[in-house]
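**Student:** Given next are the chains, with one letter for each unit.
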Amino acid sequence: MTNFWLLFKTNLLSLVNFNGKRKKSVKVQATKLSVVALLFVIIVGGIGALYSFIFADVLKLTGKIDQLVPTMIGLSSIVAFAFSFYAVANLLYGFKDYDFLASLPVRKTAIILSKLSAMFLVDVAFSLLITIPAIVFYGVSATITFSFIAQSLICAVVSPLLPLTISIVIGALFTFISARIKFKNLVTSFLYLLVFAVAFIVGFSSSEDGNLGLIQKIYFVLPLLTKGCFNVGYLFAFIGVNIIPFVIVILGVSLTFEKMNALCKARPKNKNFNLKSKQGKGELHTLFVKEFKRLATCPLYMMNSLIGCILPIVGVIALAIMFNGFGGEIASILGTLVIPFAPALLVFCFCVAPTTYCAISIEGSAFWLMRTLPIDSKKLLNAKIMVHCVFFVPCAVICSVVLAITFKLNVWLSLLFTAFSVILALFSGVFGLWANLKKPMLDWDNIQKPVKQGVSVLICMLLAFALSAVFGVVGYFMLFGQNTALEFLTKLSLTLYFGILSTVFIVVTAFIYLKMIKNAENTFAKISG
Amino acid sequence: MLEIKNLTKIYSSGVRAVDNLNLTVNDGETYGFIGHNGAGKSTTIKAVVGALSFEQGEIFINGVSLKDNPLDCKRMLAYIPDNPDVYDYLTGEQYLNFICDVFGIDKKEREESIKHYAEEFEIYDVLGNVISSYSHGMRQKLVLISALIHNPKLLVLDEPFVGLDPIASHKLKVIMAELCEKGCSIFFSTHVLEVAEKLCHRVGIIKNGKLVAEGKVADVIGDKSLESTFLDIAKESEND
Chain A
445 MTNFWLLFKT NLLSLVNFNG KRKKSVKVQA TKLSVVALLF VIIVGGIGAL YSFIFADVLK
505 LTGKIDQLVP TMIGLSSIVA FAFSFYAVAN LLYGFKDYDF LASLPVRKTA IILSKLSAMF
565 LVDVAFSLLI TIPAIVFYGV SATITFSFIA QSLICAVVSP LLPLTISIVI GALFTFISAR
625 IKFKNLVTSF LYLLVFAVAF IVGFSSSEDG NLGLIQKIYF VLPLLTKGCF NVGYLFAFIG
685 VNIIPFVIVI LGVSLTFEKM NALCKARPKN KNFNLKSKQG KGELHTLFVK EFKRLATCPL
745 YMMNSLIGCI LPIVGVIALA IMFNGFGGEI ASILGTLVIP FAPALLVFCF CVAPTTYCAI
805 SIEGSAFWLM RTLPIDSKKL LNAKIMVHCV FFVPCAVICS VVLAITFKLN VWLSLLFTAF
865 SVILALFSGV FGLWANLKKP MLDWDNIQKP VKQGVSVLIC MLLAFALSAV FGVVGYFMLF
925 GQNTALEFLT KLSLTLYFGI LSTVFIVVTA FIYLKMIKNA ENTFAKISG
Chain B
3 MLEIKNLTKI YSSGVRAVDN LNLTVNDGET YGFIGHNGAG KSTTIKAVVG ALSFEQGEIF
63 INGVSLKDNP LDCKRMLAYI PDNPDVYDYL TGEQYLNFIC DVFGIDKKER EESIKHYAEE
123 FEIYDVLGNV ISSYSHGMRQ KLVLISALIH NPKLLVLDEP FVGLDPIASH KLKVIMAELC
183 EKGCSIFFST HVLEVAEKLC HRVGIIKNGK LVAEGKVADV IGDKSLESTF LDIAKESEND
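Protein chains in written order, with the working numbering: chain A, 445 to 973; chain B, 3 to 242.
If you are wondering where the hints come from, they were derived from the structure by calculation, not from laboratory data. These numbers were taken from a predicted model, which means no experiment stands behind them. Glycine residues also receive a C-beta, built at the ideal position from the N, C-alpha and C atoms. Hints are supplied without guarantee of correctness; some may be wrong.
To be verified - BS3-like cross-link-like pairs, simulated, lysine-lysine; straight-line CA separation at most 25 Å: (1) K212(B) to K970(A); (2) K722(A) to K110(B); (3) K117(B) to K725(A); (4) K962(A) to K822(A); (5) K109(B) to K725(A); (6) K822(A) to K725(A); (7) K709(A) to K540(A); (8) K959(A) to K69(B); (9) K117(B) to K175(B); (10) K109(B) to K737(A); (11) K552(A) to K709(A); (12) K110(B) to K725(A); (13) K175(B) to K155(B); (14) K173(B) to K200(B); (15) K69(B) to K823(A); (16) K109(B) to K823(A); (17) K109(B) to K722(A); (18) K720(A) to K109(B); (19) K671(A) to K661(A); (20) K962(A) to K69(B); (21) K737(A) to K117(B); (22) K117(B) to K722(A); (23) K626(A) to K117(B); (24) K69(B) to K970(A); (25) K155(B) to K173(B); (26) K823(A) to K882(A); (27) K720(A) to K110(B); (28) K628(A) to K504(A); (29) K200(B) to K184(B); (30) K720(A) to K117(B); (31) K882(A) to K69(B); (32) K7(B) to K822(A); (33) K540(A) to K628(A); (34) K7(B) to K212(B); (35) K737(A) to K822(A); (36) K959(A) to K823(A); (37) K7(B) to K970(A).
Claimed, not checked - To spell it out: a stretch of chain B is covered by chain A in this simulated footprint if at least three of its residues, at any positions, have a beta carbon under 8 Å from a beta carbon of chain A; those stretches are: (38) 53-59; (39) 68-78; (40) 81-90.
Construct the complete structure from the given sequences, taking the supplied hints into account.
**Tutor:** Rendered as structure tokens:
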């Protein structure tokens, strides 16, 4: 246990980079960390409260208000799983300090648990922040007891174990399958996408209760959790369902830990190598290819970034299928209800993790190459933005065209909506890169750190949540703002709305881009030290 | 070829890593840069190759100011760092092609160069493998090849012999001598004083960011070995 705490503390120090900034006062560092923590609490708690409010309304109508708290715990588990199931393999296998840790007189289970503990703690915090508002909203609608609160909180604390266990099993399995294959990274990415697609299809195959049906379908232990919130016996059963598989899986992982890590390090050799030199098509093309390969060869980076591309495409196609049978007029009316909320969805998906948000950090210890080779820093930045655009611009066009066809939007609205989506895709790429240039993280020992734990990751997430909330509110008042202070929004036509949004985003994008390009050399010099 | 004038580098922590350093490396000359850990060798080298900005002074490569024309300067030089961290997601072949593309080397020339140096350093057969599967020595050899394939006018190396096997080490020394004969200048740091003594036309000893001794090897060491000269200088500086 002592060894676990020692390793855990080291991982935690590395996570918050406290020692790395000793020169600054501990007070300043503590303040910064507190601000980040506070923002996390406000955003996640706010989202939890918003969803609890919506679900409470629906559940009250159907007489199932008792399901509110368990449903929110289930939702937090699904979200935690969706954001981390592809990251667990990187925590356990092929990390840089494996040889060092393996040589220490420390149990393998201590190493494994110390690697997973930071993720588990974040998941617990997330789960509690989602659960607490749900308890409050439940208390408003029904009689609440102390034992219910205590049992719900216990469920919220142990519930991240099950998704973590499933993530470990998936990660170990995929690592084992892909380790011997030449294009292991592509295979791994494909397998993770497959898991995501299956979960999505299973969820969408549920027609019952919309979002609630989706949660019940994916989070299969929800009935046990619901009983666990009210009954002590079932509470123990729920704890068992979470803890027992976790313990078994951890023991299994510890037994195969050495072999799996050795497998990760072994690479297939090219036995009959023949040199095939290809000349590049200019500096920008060369840099673009390099950036593209970086993305394509890192499943974690690819999954984390491209999920924002895949989600809206899957979503709009699902919408298109759902509304396929409606005639022109009805489709148009439905469109006026759906399209005002499209910016909120798109801005969230595009801004939460653009490919550029860690494009500088991911250079890591090889950053010296960018500084010492005769490479124009402006072209390097452009290459990074281009990789983002290759994925997000077509995604923006597909989403807008599908929605325009589905809801029979008129030509002007279709064009402006498409223009807005494309500009938003550009904006997210430029903003992500700007954020990463401001807060790069080059001294990492595990790819997980720049991809999931950097400050730029947080900045992009905050922006995505904030803009999404603003657009959500605007969309809501455009539809239901009569007799409110924002009544003017109800008179705003969608064409004008997208025209204004496009103009604003094009100005902001151009401003950030030009400033970033102008200061590129100085920024790079600053990053180098 | 390389002229460092009044170079001063102060880190944001306030540490003066290099203090008013003046140094010149002539065409076709091998210059050994010697100093203890933390003396300022790597900082100077990183400033010379454009990896680190500096507050005061000037660096000229073949008469071109690094501050004013960094890209022109970088096209003339090659840098081999003490830690060969490169893009480990690429294969050795892809990495070398990337370097060739950056330096605009045509297909025929790059094929000849890559083949020649890869066979010389005995890593030709593994060029098709991803760099993450390479050992430290193999990476070091790959970085060496990437530095040599574009025929630099100035080769800057930071502890180049660390991690190399004796055969590769010997080959590197031979290649360094050949490059000098062709007019290429070499500026390198080392802890291996015997290597500096044998290879260098001139050496410079740096302590606390200041150049404390410089000149032809024979002039600097006199009738002593370079090692005892270095130790004497280190002691003198401590007493000061």
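**Student:** Hint by hint, say whether it matches the structure.
**Tutor:** Quick rundown of the hints versus the structure:
Taken as a hint, the K212(B) and K970(A) pair is honoured in the structure, with Cα atoms around 24 Å apart against an allowance of 25 Å. For the given pair, K722(A) sits about 10 Å from K110(B) by alpha-carbon distance, which is consistent with the 25 Å threshold. At most 25 Å may separate the alpha-carbon atoms for a hinted pair to count; K117(B) and K725(A) meet this at roughly 22 Å. For the hint pairing K962(A) with K822(A), the CA-to-CA distance comes to about 8 Å; that is within 25 Å, so the pair holds.
Taking the CA atoms of K109(B) and K725(A), the gap is about 12 Å. The hint holds against a cut of 25 Å. Only pairs whose Cα atoms come within 25 Å are accepted, and K822(A) paired with K725(A) is accepted, the gap being roughly 17 Å. About 10 Å separates the Cα atoms of K709(A) and K540(A), which keeps this hinted pair within 25 Å; it holds. In summary, the hint linking K959(A) to K69(B) is supported, as the alpha carbons are separated by about 21 Å, within the 25 Å threshold.
Note on K117(B) and K175(B): the hinted pairing holds, with a Cα-Cα distance of about 19 Å set against a maximum of 25 Å. Proposed proximity of K109(B) and K737(A) is supported: the alpha carbons are some 21 Å apart, at most 25 Å. Pair hint K552(A) plus K709(A) holds up; C-alpha atoms about 18 Å apart against a cutoff of 25 Å. For the hint pairing K110(B) with K725(A), the CA-to-CA distance comes to about 15 Å; that is within 25 Å, so the pair holds.
Proximity of K175(B) to K155(B) is assessed by CA-CA distance (about 17 Å); at most 25 Å being required, the pair is judged to hold. With a CA separation close to 14 Å, the supplied pair K173(B) and K200(B) stays within the 25 Å bound. In summary, the hint linking K69(B) to K823(A) is supported, as the alpha carbons are separated by about 19 Å, within the 25 Å threshold. Restraint check: the Cα-Cα separation between K109(B) and K823(A) comes to about 23 Å, which is no more than 25 Å; the hinted pair holds.
Under the criterion of a C-alpha separation no larger than 25 Å, the hint pairing K109(B) with K722(A) is consistent with the structure, at around 7 Å. Of the supplied pair hints, the one linking K720(A) and K109(B) holds, its CA atoms being roughly 10 Å apart against a limit of 25 Å. A threshold of 25 Å between alpha carbons decides the hint, and for K671(A) with K661(A) the separation of about 17 Å falls inside it, so the pair holds. The straight-line distance between the Cα atoms of K962(A) and K69(B) is roughly 16 Å, inside the 25 Å bound, and the hint therefore holds.
This hinted pair checks out: K737(A) and K117(B) have alpha carbons roughly 24 Å apart, not beyond 25 Å. Taken as a hint, the K117(B) and K722(A) pair is honoured in the structure, with Cα atoms around 14 Å apart against an allowance of 25 Å. With a C-alpha separation of about 24 Å, the suggested pairing of K626(A) with K117(B) holds against the 25 Å cut-off. Pair hint K69(B) plus K970(A) holds up; C-alpha atoms about 14 Å apart against a cutoff of 25 Å.
Of the pairs offered as hints, the one joining K155(B) and K173(B) holds, with about 19 Å between alpha carbons and a cut-off of 25 Å not exceeded. Under the criterion of a C-alpha separation no larger than 25 Å, the hint pairing K823(A) with K882(A) is consistent with the structure, at around 18 Å. With a CA separation close to 11 Å, the supplied pair K720(A) and K110(B) stays within the 25 Å bound. Taking the CA atoms of K628(A) and K504(A), the gap is near 49 Å; set against the 25 Å cutoff, the hint is violated.
For the suggested pair K200(B) and K184(B), the alpha carbons sit about 19 Å apart, so the restraint of at most 25 Å is met. Of the pairs offered as hints, the one joining K720(A) and K117(B) holds, with about 11 Å between alpha carbons and a cut-off of 25 Å not exceeded. Distance restraint check for K882(A) and K69(B): the Cα-Cα separation of roughly 23 Å lies within the 25 Å cut-off, and the hinted pair is therefore satisfied. Between K7(B) and K822(A), the direct Cα distance comes to roughly 29 Å. Violation of the 25 Å bound is thereby established for this hinted pair.
With a C-alpha separation of about 18 Å, the suggested pairing of K540(A) with K628(A) holds against the 25 Å cut-off. With a CA separation close to 12 Å, the supplied pair K7(B) and K212(B) stays within the 25 Å bound. Between K737(A) and K822(A) the CA atoms are separated by roughly 19 Å; this keeps the pair inside 25 Å, and the hint holds. Between K959(A) and K823(A), the direct Cα distance comes to roughly 14 Å. Compliance with the 25 Å bound is thereby established for this hinted pair.
Restraint check for K7(B) and K970(A): the C-alpha separation of about 22 Å stays at or below 25 Å, so the hint holds. Proximity of the stretch 53-59 of chain B to chain A, defined as three or more residues with a beta carbon under 8 Å from a beta carbon of that chain, is established by the 3 residues found. Proximity of the stretch 68-78 of chain B to chain A, defined as three or more residues with a beta carbon under 8 Å from a beta carbon of that chain, is established by the 5 residues found. Using a Cβ-Cβ cut-off of 8 Å, 7 residues of the stretch 81-90 of chain B lie near chain A, which meets the minimum of three, so the contact claim holds.
Taken one by one, the earlier hints fail for this structure at numbers 28 and 32, listed in ascending order.
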